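Read top to bottom, the protein sequences are chains U and E. Using this note's numbering, read the first sequence as starting at 198 and increasing by one per residue. Using this note's numbering, read the second sequence as starting at 959 and increasing by one per residue.
There are no misleading hints in this set.
With a Cα cut of at most 25 angstroms, we get these calculated DSS-like pairs of lysine-lysine:
1) U:K550 / U:K576
2) U:K550 / E:K1069
3) U:K576 / E:K1069
4) E:K1015 / E:K1069
Selected chain E positions facing chain U (Cβ under 7 angstroms, derived; list incomplete):
5) E1079
6) S1083
7) N1086
8) K1087
9) F1090
10) S1091
11) Q1093
12) A1094
Honestly, the hints are just simulated from the structure, not real lab data. Nothing here was measured: the structure is a model prediction, and the numbers come from that model. Backbone N, C-alpha and C fix where the C-beta goes; we use that ideal spot for every residue, glycine too.
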Amino acid sequence: MWEQIRANKRNSILLLFLMAAVLGAIGWTIGMAYVPNPNGGILGLGAALIIWLILAAVSFSSGDAIFLAASRAVPVEKSVNPQLFNIVEEMAIAASLPMPKIYIMNESAPNAFATGRNPQNASIAVTAGLLGRLNRDELQGVVAHEMSHILHRDILFVTIAGVMLGAITMISQIFLRSMFYGSMYGGGRRYSSRSKDSGGAQAILLVIAIVCAILAPILATLLYFALSQKREYLADAGGARLTRYPEGLASALEKISQNTVPLSVANKASAPMYIVNPLQKEGMKLSDLTSTHPPISERIKILRGMSGASFTDYSEAFKNTTHSAVPIPSSAMKTAEHIEIRQASSQQATNYKKQTRDIGDIMQMAGGYRFINCSCGLKMKIPPNFSSSKVQCPRCGTEYDSRG
Amino acid sequence: MVWIIVLAVVAIIVFAVIGMYNSLVGLRNQVDNAWSQISVQLKRRHDLIPNLIETAKGYMQHERGTFEAITAARSQAMGAKNVADAGKAEGVLGAALSKFLLTVEAYPDLKANQNFLSLQEELSSTENKIAFSRQAYNDQVLFFNNKTQMFPSNIIAGMFNFTKRDFFEIEDTTEKNVPKVSFGN
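Bound conformation, chain E alone:
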């Protein structure tokens, strides 16, 4: 009788450990998956920029400084090694791009160019996708970090070396004080 009870308790503990371990692995995979989604979008942003500059160059001869800033920020961002560095570099690039898109407003010929318009839609969508994939990634990281720090799953996390992950923060000063643009008719 005693043996059966002991066996049952051991079985319950073993199953609980397996369950917690599996859910931790699942969460960690989701974090990795969300990160790869961000990388895909960042790469897409980097790929779009040369096209955009090529199209805009002919119309905006007096904005060489803007183009140079974007190109420099792009190569900086492409060379980033870790999450924190990437966040910083992408922030600079994002700021340069949004400044560029504001400058475009002064060039009606460029704004009427069909090719440029579709590139602009692609770029602003990519910007959105970066923001949304960052949102999804940070949600997953929060979920995963909570699991690794809360009792009782923190014991399993400690045993199997599940370490807490970094949030992806894009450092951006312009994001907080966006200039008001109005398109009155």
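Isolated chain U, as found in the complex:
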């Protein structure tokens, strides 16, 4: 696994510089388009590099906070969902990693992601819909998948890539819009040159700049997507190994793929972070190039085809299912380990009515509501802005302290 971790660290640095090159190129062409001499190009390049430096610093220091805030994830205490905390702790122990911070997103679509700079500063976020729909084994599978992303150092790579991609898209958009409105109101006055004969050259540069501004985000996205697919397979393999139970993750993926509610807080930049692509519906196979995730049906089939829980077993199942090159680094398979699949833990029958109620409860608890179970069997939900210190049960009249 060390090979993969080292490769990921190297890729993160490589990506930073690749993005610097793309940003520099955009800066230079935009600068040239506005001021048609080398000074303009250098100015644009300088501005782009300054932006890059700021972005690099931001994505290192607080990229995770940006994504968590953008997906409206709230940090939660153990009391909100003890089972989730226990499962994350179990997986942290299995992976020999420190306990990550836990966030819940108030979304009924089931999904999850991990982010952070390194295992010491990592966070795992899950949606309320995921907690409500999955049983213990399935939730463990999803958490193990996310823990593998942390273990493989995928989180830093994806975070940097996401911030950079977002920035490139934004700069291009600002430029394109300023061009559009500038030509609408200013009549192109701003772009008139001092000498008459450089007008043609400037027009060409302008066209190049526009083409660049359109192409750069697409190129950056493709690069990002190509690099994220392999990580998903690897995290699936790692998750199966950590839990010793591939079926948990397989059946979780199945349940997640049956969901029809879209995840409203996800966007193009954060899509590769999730366990299942939040933007694309299953069956809508655009092409492998533009998809951040391998098809879910394939991931499920591989997991169910495993005869043990080791990386070797995963790569064998992978070969049997896809008939293509195995995405597992050879160092992970060197030690011929044999890991038996464990037994399923006891399952409760699914009750859809209860499930919907549970999802609502989890959302309210994450939102700061306090629940009081009255001795008469009534459950009271106290909103976070409840001002009185006493609350009376509406059925039996027993008084409770509303602040606990």
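Position chain E relative to chain U; hints supplied.
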């Protein structure tokens, strides 16, 4: 010229020895760390049991034998002195606990008790944590033992007295033939 070559060779050997020594120390620390993680979870298991019995006692008056078995296994496990003994005693305790959790199925009143439910989640999570920390510990031990036995790091291991570690095996007969429980609806 010759001196430079000799010096370079000596320097390379010294650096290789330092590197191997440091990686052995690092691995040994990881093994110790993994072991302390197991101890933490075992202690947590021992701490949970009195609470669990206290809560369940009122509902399960006819299961005195089960409680006594658990209590006896607990004190046995808490008194274990080394890795092998602990493994044996924890196996007995684990078997007693899983038998207890099966018996609980016959007491619907107890299963509806909120306090008991949260204790049960804590206990089953602790059982999982013990299993996972054992898994992580044994992985580390395998890694460390391989390093101490393979050439060339075995020379350094021999020189500085890095001895091979024991795996933590929980001897458990029930683990291999778990009774099938189905919760049909």
